[in-house]
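Chain order of the listed sequences is A and B.
Position one of the first sequence corresponds to residue 1 (this note's numbering), numbered consecutively onward.
Position one of the second sequence corresponds to residue 249 (this note's numbering), numbered consecutively onward.
Treat the hints with care, since some could be wrong.
Unchecked claim - Cβ-Cβ distance ranges computed for the label pairs, FRET-style:
#1 B:A300 - A:R195: 28 to 34 Å
#2 A:W118 - B:A300: 19 to 25 Å
#3 B:A328 - A:A137: 45 to 51 Å
#4 A:A154 - B:A282: 43 to 49 Å
#5 B:E313 - A:G47: 16 to 22 Å
It should be emphasised that the hints constitute simulated quantities derived from the structure, not laboratory data.
Backbone N, C-alpha and C define an ideal beta-carbon position, used for all residues, glycine too.
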Amino acid sequence: MTLPNPSSPAPAAAPVGLWLAIVLAIGLVEAALAHIAFATPPDVALGVVQKIFYFHVASAFAMLLFLVLGASLSALDLVAASDRADAGARAALEVGALFGAILLVTGPLWARKSWGAWWTFEPRLTLSLLVELLALAVLMLRGLSADAQLGRRAGAAMAVMAAPISVLIHLAVKLWGGNHPSVLQGGGVQSPAMRISFWLAVAGVLTLASALLALRYRQLRLDQRHRELELALAAFQLRRGRHAEESP
Amino acid sequence: MSNAATEPPVAGAAGTVASAGPRDLSAYKEEQIAGGDLAAAAYLLLWAIIGAYLWRTARRQAAAEAALQALEQRLDAELARAAGRTGQGDLAGQGDGAGWERAP
């Protein structure tokens with residue numbers, strides 16, 4: 001096999017191991033779901049709809065964590081122009097946006113029952129929507145930009161600028177109030193069964209999000225490798241053409 | 249159970265602000281959707297979103313692997329053709345030497 005100067009070696013993650021990690025993560029999520037459905041009592045005030053809470057909050061954790069990770073890797077890419085950081089940033093932003101979508105879908109279903117409205121423009125909801133839209137804008141910029149390098153750098157800069165808003169989501173209730181409870185430490189879940197469900201859901205969602213990140217990262221690295229080889233092939237053909245012209 | 253995370257807000261209570269959302273739940277009693285249906289919908293949507301993403305990423309990965317393999321084969325064929333033409337087996341030393349090499 002002929003390769004160009006290997007600035008980006010082939011992705012190391014073995015597909016079998018990756019798929020095994022995804023299956024294990026799905027198993028963990030299923031275990032959490034089973035515990036929520038069969039071993040956790042419904043909330044006294046809200047009833048069974050409160051069971052949305054476990055994956056709603058876990059998705060919020062995943063969204064914040066992966067969007068901040070994506071912004072950090074974007075900053076690294078801006079500074080060091082690293083293909084690995086670029087692929088990691090893109091994958092993390094995508095997974096963050098994915099769990100942001102889950103957050104924004106499950107939230108209104110719970111709110112309809114507990115608040116009596118699908119949506120209110122309170123600070124935390126509005127900021128969550130804003131961050132989700134920003135993440136989607138970055139991904140669209142990366143995907144649709146005619147100039148790939150410009151799209152990469154502009155997208156990375158946008159992701160870095162959006163990072164503080166992700167942190168503000170966490171602090172929004174404390175700073176500006178709103179319908180969400182202000183739970184910065186300790187949490188409001190008191191029942192042991194509810195606590196187990198909550199942490200199982202968090203562990204399941206974060207494991208699944210990490211596995212999805214690894215899968216997407218590998219695919220983006222394959223794409224980078226493909227582009228690199230295409231350039232190498234073009235350079236090789238050009239060199240061979242010159243060689244043929246110069247040969248008697 | 250006292251669950252601060254799930255209690256509906258009380259208008260005017262400390263830590264809450266006025267919002268467009270109605271607070272008098274009794275007005276909505278007749279049109280309330282069953283909580284179980286909402287929870288089931290939430291979990292179905294959760295799996296639908298994750299499943300769609302997983303399916304799309306798996307397809308993209310399979311396509312990327314196939315494209316990469318085809319390109320590597322093409323590159324090998326080009327090198328083999330060039331080697332046959334020059335009789336030297338490698339063009340690396342004939343140009344600027346910028347990174348062309350045979351992988352082991």
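Here is what the structure says about each hint:
1. B:A300 - A:R195: 28 to 34 Å: Given a distance of about 31 Å, which is inside 28 to 34 Å, the answer is holds.
2. A:W118 - B:A300: 19 to 25 Å: 22 Å, holds
3. B:A328 - A:A137: 45 to 51 Å: 46 Å, holds
4. A:A154 - B:A282: 43 to 49 Å: With a Cβ separation near 47 Å, A154 (chain A) and A282 (chain B) satisfy 43 to 49 Å, so the hint holds.
5. B:E313 - A:G47: 16 to 22 Å: Violated - the Cβ-Cβ distance for E313 (chain B) and G47 (chain A), about 48 Å, lies outside 16 to 22 Å.
Going down the numbered hints, you'll see the structure goes against just number 5.
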